[in-house]
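Sequence order for the protein chains is A and B.
At position 118 of the first sequence the residue is numbered 118 (this note's numbering), and the sequence of numbers has no breaks.
At position 89 of the second sequence the residue is numbered 89 (this note's numbering), and the sequence of numbers has no breaks.
Treat the hints as calculated values from the structure; they're not laboratory data.
Ideal Cβ placement from N, Cα and C applies to all residues, glycine included.
Looking from chain B toward chain A, a few residues come up when the C-beta cut is under 8 Å (computed):
1) H77
2) F113
3) P119
4) R122
Number of protein chains: 2
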Amino acid sequence: MQRDTAQRRAIRRVFSRENRPLTPQEVLAGAQSTVPQMGLATVYRALKSLTEGGTVMVVDVPGEPQRYELAGKDHHHHFSCRGCGRMFEMDGCPGDLEQLVPTGFVMEDHEVFIYGRCPDCR
Amino acid sequence: MQRDTAQRRAIRRVFSRENRPLTPQEVLAGAQSTVPQMGLATVYRALKSLTEGGTVMVVDVPGEPQRYELAGKDHHHHFSCRGCGRMFEMDGCPGDLEQLVPTGFVMEDHEVFIYGRCPDCR
DNA sequence: CCCATAATGATAACAAGATCTCATTAATGA
DNA sequence: TCATTAATGAGATCTTGTTATCATTATGGG
Chain A
1 MQRDTAQRRA
11 IRRVFSRENR
21 PLTPQEVLAG
31 AQSTVPQMGL
41 ATVYRALKSL
51 TEGGTVMVVD
61 VPGEPQRYEL
71 AGKDHHHHFS
81 CRGCGRMFEM
91 DGCPGDLEQL
101 VPTGFVMEDH
111 EVFIYGRCPD
121 CR
Chain B
1 MQRDTAQRRA
11 IRRVFSRENR
21 PLTPQEVLAG
31 AQSTVPQMGL
41 ATVYRALKSL
51 TEGGTVMVVD
61 VPGEPQRYEL
71 AGKDHHHHFS
81 CRGCGRMFEM
91 DGCPGDLEQL
101 VPTGFVMEDH
111 EVFIYGRCPD
121 CR
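Please model the complete structure; the sequences and the hints are all you need to start from.
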């Protein structure tokens, strides 16, 4: 059976506290404020089981390692801050993307990334 | 000085023939139809000098290696085919992305990726 | 046509991110 | 409380993409 360890509690806590897509390194750094000696392998193991269990989802980002965010949210997109490198969630959707799709192509999905400065880095 | 070799001619030719963002592997495969014994290192060297010379640009894609496309085009976005894995260019822009940006954030740039099926893979 | 040297091809070396190994620790059912 | 065994931490290992090495080839100015 799955055991409830201090490490996994700390990792789950980081996700609900931050509520944005996190890299494994960010998860580690956040969780180490509770369990200072935590190792990166523990983070990867937890991310794997959280992903398989449907608690978190993978977010693929252009030119960066994968991030992970809490699953079950409404459709949304992401904002990447060029100051601190953090990624944030943005509610909503531009809609009307069908106009971009050339004749003969079929759209199944889309992603939007906005780059700029977060409030802390302006 | 820079020499004009059969390999570099073939690589430049692949870009104008395909007119879409290519991975180094795709560039190699395309160029090998002209210069069959071409090596991957030659492709990377050519991509580096073409990028530095402003002829091609890097395209960062979510969850994939970098691609390269001809520079100097109008603002556009990309379509990724789930059938063949090729990436295509789409003219235009959804506009009105400012509405997505939460208060306090400053937008500097954006990227849109559409996923689906290309005409060949429908 | 020559020759200096830029470019090439094959492969080794690197880099970064992710996974595996294994001895040790600790959560949980009995 | 105890014993089983899942989970952990540290670091080795693997993977994928990219760059470096080096002997050989071949471009292009003189």
